[in-house]
Amino acid sequence: AQSVAQPEDQVNVAEGNPLTVKCTYSVSGNPYLFWYVQYPNRGLQFLLKYITGDNLVKGSYGFEAEFNKSQTSFHLKKPSALVSDSALYFCAVREGSSNTGKLIFGQGTTLQVKP
Amino acid sequence: DGGITQSPKYLFRKEGQNVTLSCEQNLNHDAMYWYRQDPGQGLRLIYYSQIVNDFQKGDIAEGYSVSREKKESFPLTVTSAQKNPTAFYLCASSTTGAVYGYTFGSGTRLTVV
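So the sequences go chain by chain: P and W. Read in order, the letters of the first sequence correspond to residues 1 to 115 in the working numbering. Read in order, the letters of the second sequence correspond to residues 1 to 113 in the working numbering.
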């Protein structure tokens, strides 16, 4: 069965420091991987995706993520955090061979960036 | 601009009432989804529809109903059988197979009074 794990409920970083939000997944076949961000009382906004190709994916707002097939991970990173990056982040996976289109979401990680 | 619209933004329900949450998209997406989000929890799938006039139950369908009479619209009814309906409800849509992920609406916060 497909699954996504975000092992940290909350990540705290100081502004200007690099940040990492972790995500590991389990699917059969090649995964389609996504990161979304959610601000309070808003819907989820797309940040980036990995489908195929270069393992390092660049997305919106300076975020990037690295696909690591051997470790089944897709960690979200940013070289220098901003206070405005504080939000709830979700990792999601779709099984590559699936024809249903259903995404499986992780539980979410709250990112707190302190000035 | 293409997008997905949920209304209302806030909704209050009395005990024993049915309420309907609206979700409309003009992205020409075939698939639509409803999720429930509770504080400190992730997204839980209520119902999804991959094509007009067809829909499937998700993980927590009890106490909810949907219809998909038009491609653009996927309303969710929270019935009186749903004992704890207070939550944030998110609608999403995607192309067939969701190769590009989902587009989400801005959500409806439902409160039982």
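Derived from the structure by calculation, the hints contain no laboratory data. Yeah, the Cβ is synthetic: ideal placement off N, Cα and C, and Gly gets one too. Any given hint could be a false lead.
To be verified - Derived coverage of chain P by chain W (criterion: at least 3 residues anywhere in the stretch with Cβ under 8 Å from a Cβ of chain W; other residues may be distant):
{"id": "1", "segment": "13-26"}
{"id": "2", "segment": "35-43"}
{"id": "3", "segment": "51-58"}
{"id": "4", "segment": "83-95"}
Here is how each hint holds up against the structure:
| no. | hint | in the structure |
| --- | --- | --- |
| 1 | 13-26 | violated (count 0) |
| 2 | 35-43 | holds (count 4) |
| 3 | 51-58 | violated (count 1) |
| 4 | 83-95 | holds (count 3) |
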